[in-house]
Amino acid sequence: MAFDLENLQKICSQVRRDIVRMVHAANSGHPGGSLGCTEYFVSLYNHIMKYNTDFKMEGKNEDVFFLSNGHISPVFYSTLARVGFFEVAELATFRKLDSRLQGHPATEEGLPGIRIASGSLGQGLSVAIGVALAKKLNGDKRNVFVLTGDGEQQEGQIWEAAMFAAHNKVDNLIATIDCNGQQIDGPIKEVNSPGDLKAKYASFGWEVTECDGNNLEELIKTLEAAVSETGNEKPKVILMKTEMGKGVDFMEGTHKWHGVAPNDEQLAEALNQLEETLGDY
Amino acid sequence: MNTKLTYTAKKDTRSGFGDGLLEAAKNNPEIVGLCADLTGSLKMGAFRREFPERFFQVGIAEANMIGIAAGLATAGKIPFTGTFANFSTSRVYDQLRQSVAYSEKNVKVCASHAGLTLGEDGATHQVLEDIGMTKMLPNFTVINPCDYHQTKAATIAVAEHHGPVYLRFGRPGWPMFMEGQPFEVGKAITLIEGSDVSIFATGHLLWTAIEAEAVLAEEGISAEVINIHTIKPLDEEAILKSLAKTNCAVSAEEHQIAGGLGESIAQTIVRNEPVPQEFVAVNDRFGESGKPVDLLNKYGLGVKSVVEKAKRAIQRKE
Numbered sequence: 027m028a029f030d031l032e033n034l035q036k037i038c039s040q041v042r043r044d045i046v047r048m049v050h051a052a053n054s055g056h057p058g059g060s061l062g063c064t065e066y067f068v069s070l071y072n073h074i075m076k077y078n079t080d081f082k083m084e085g086k087n088e089d090v091f092f093l094s095n096g097h098i099s100p101v102f103y104s105t106l107a108r109v110g111f112f113e114v115a116e117l118a119t120f121r122k123l124d125s126r127l128q129g130h131p132a133t134e135e136g137l138p139g140i141r142i143a144s145g146s147l148g149q150g151l152s153v154a155i156g157v158a159l160a161k162k163l164n165g166d167k168r169n170v171f172v173l174t175g176d177g178e179q180q181e182g183q184i185w186e187a188a189m190f191a192a193h194n195k196v197d198n199l200i201a202t203i204d205c206n207g208q209q210i211d212g213p214i215k216e217v218n219s220p221g222d223l224k225a226k227y228a229s230f231g232w233e234v235t236e237c238d239g240n241n242l243e244e245l246i247k248t249l250e251a252a253v254s255e256t257g258n259e260k261p262k263v264i265l266m267k268t269e270m271g272k273g274v275d276f277m278e279g280t281h282k283w284h285g286v287a288p289n290d291e292q293l294a295e296a297l298n299q300l301e302e303t304l305g306d307y
Numbered sequence: 545m546n547t548k549l550t551y552t553a554k555k556d557t558r559s560g561f562g563d564g565l566l567e568a569a570k571n572n573p574e575i576v577g578l579c580a581d582l583t584g585s586l587k588m589g590a591f592r593r594e595f596p597e598r599f600f601q602v603g604i605a606e607a608n609m610i611g612i613a614a615g616l617a618t619a620g621k622i623p624f625t626g627t628f629a630n631f632s633t634s635r636v637y638d639q640l641r642q643s644v645a646y647s648e649k650n651v652k653v654c655a656s657h658a659g660l661t662l663g664e665d666g667a668t669h670q671v672l673e674d675i676g677m678t679k680m681l682p683n684f685t686v687i688n689p690c691d692y693h694q695t696k697a698a699t700i701a702v703a704e705h706h707g708p709v710y711l712r713f714g715r716p717g718w719p720m721f722m723e724g725q726p727f728e729v730g731k732a733i734t735l736i737e738g739s740d741v742s743i744f745a746t747g748h749l750l751w752t753a754i755e756a757e758a759v760l761a762e763e764g765i766s767a768e769v770i771n772i773h774t775i776k777p778l779d780e781e782a783i784l785k786s787l788a789k790t791n792c793a794v795s796a797e798e799h800q801i802a803g804g805l806g807e808s809i810a811q812t813i814v815r816n817e818p819v820p821q822e823f824v825a826v827n828d829r830f831g832e833s834g835k836p837v838d839l840l841n842k843y844g845l846g847v848k849s850v851v852e853k854a855k856r857a858i859q860r861k862e
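As you go down the protein sequences, you meet chains D and Z in turn.
Note that our numbering has the first sequence beginning at 27, numbered continuously upward.
Note that our numbering has the second sequence beginning at 545, numbered continuously upward.
The hints are simulated quantities; they were obtained by calculation from the structure and are not laboratory data.
Backbone N, C-alpha and C fix where the C-beta goes; we use that ideal spot for every residue, glycine too.
Mixed in with the good hints there might be a few duds.
In silico contact screen, one side only, chain D against chain Z (beta carbon under 8 Å); selected entries [to be verified]:
#1 138
#2 145
#3 152
#4 154
#5 159
#6 161
#7 165
#8 183
#9 265
#10 267
#11 285
#12 286
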């Protein structure tokens, strides 16, 4: 399906500005992974998924998305606000008292667009499978998307879920793994390498594709291909290579910005590198 | 022993769950069942045969089962998960906490083989901490019915109740004495009226309390026996009403003394009108292999213990 590349790039730039501004204002949060996954969120919510911004928890006859690695909440919140789930101005409340924008996504505050709490890692893939099974029972033809981290693959529950989804032919599920190669303590290859994820998921019975997650055209083509292959009795996983901190040069490619907020000077420098396109909140 | 309530047969409470699930599912197409390789033990076989498309065999992967249940609930289904009590709680506590409790998902966590009465399998499987773990989670309702009939009624009732529920039941054949009794979540049932001491019991220990009442009656002591099937939310009104009459309490449960029903009742008592309370519960130790009733007796959960604690509670108010 045709898409307006230039427009999507503009949204990405604005979402990145939101991310660094939110994390700076809260003086806490996770900018690195958020910046790396910006193209993914913008593609899903501005082109790939069919959904209503008049939010209903059940999401019947809608595409639904689950974020398993909840710490990259800034990119999730910004994307949801920018497509109209809630007021963009609310992004200013991120991580502050009485906010619906909790440090990690939560349903308790009733923020539209959030269907499950996440933050404790490894749980989102199972939840997404549950929704996918419900859609099949309901004869609902839309799909379920879920994002997990590459470090998150170290959690055992991921592999329980991977085994179940293949065995039960959960083919309306499109999982994506953010392969940025980093986790809090350092490169995942040094901390506890998950090894060859492509071979691992393939051997579990999944359909595996790879793409550059910071290249909008390639990412969208990969997501569209995955959508076109739903219903073929296999769950799908996209190994999405991204660069942590993408778009802000001094944050790129290092785990050091996993969970650190920029100071005033760093914020100014970051915003200098990102064009304001839709208007800051 | 001449008990005020009688039974003609014994049946396991888990069969009450299996029969209740089947009945509830016939009335509500949104009910789905999940099991982690214990379909026979949980008595979910009839549900599976009747509704194969609504039954999900997850295998030995309890964390995944709880996550899938949370997803099914998100999409509007009413999932009932089935595995042993130990694997329904301590093994998946973080999944219960984040994906179910905090996310406010309408998941029914159904747990068999709870407590010492699991018997011969021993302490690895005899979870005695599950009531405490689940009652500490905000949004959770915690229910521990006492016989086959009450477990069946509770299963049907929780299908209608919106929100996360922990439903605890067990393995052994146990006296049936609650036939035809209505079940209301959070509403205690006074089974025997009395004036000297209130015995608040839950689960299998209800029958123990009923037998203890008969022993006490023979000695001229009038005990009130109250069925606290819902530990959270606790029916404080019923508890305080009984204590206004008796002025002393005994709690009886197949659980650790820490975190159980007795602790919840003690909180109620100290926040209102303090009276003596004695605890029939496992005293900070693990169980072991053995026959159910032998284990209850050895760990201080038998009729003799309830009688002694009742007398002690009465003594303390004098």
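The hints, checked one at a time:
1. At a threshold of 8 Å, the smallest CB-CB gap from residue 138 of chain D to chain Z is about 14 Å, leaving the interface hint violated.
2. Restraint check, residue 145 of chain D versus chain Z: the minimum CB separation of about 7 Å is within 8 Å; hint holds.
3. Nearest Cβ of chain Z to the Cβ of residue 152 of chain D: about 2 Å, under the 8 Å cut. The hint holds.
4. Hint status for residue 154 of chain D relative to chain Z: holds, with the closest Cβ pair at about 6 Å, below 8 Å.
5. Look at residue 159 of chain D: its Cβ gets to within about 6 Å of chain Z, closer than 8 Å, so that hint holds up.
6. Nearest Cβ of chain Z to the Cβ of residue 161 of chain D: about 7 Å, under the 8 Å cut. The hint holds.
7. At its closest, the beta carbon of residue 165 of chain D sits 11 Å from a beta carbon of chain Z; the interface hint therefore is violated under the 8 Å criterion.
8. Here the hint on residue 183 of chain D is kept, as its CB sits about 4 Å from the closest CB of chain Z, short of 8 Å.
9. For residue 265 of chain D, the shortest C-beta to C-beta distance to chain Z is roughly 21 Å, which exceeds 8 Å, and the interface hint is violated.
10. About 26 Å separates the beta-carbon of residue 267 of chain D from the nearest beta-carbon of chain Z, more than 8 Å, and the hint is not met.
11. Look at residue 285 of chain D: its Cβ only gets to about 19 Å from chain Z, farther than 8 Å, so that hint breaks.
12. Violation of the interface hint for residue 286 of chain D is found here, the shortest Cβ-Cβ separation to chain Z being roughly 24 Å, above the 8 Å cut-off.
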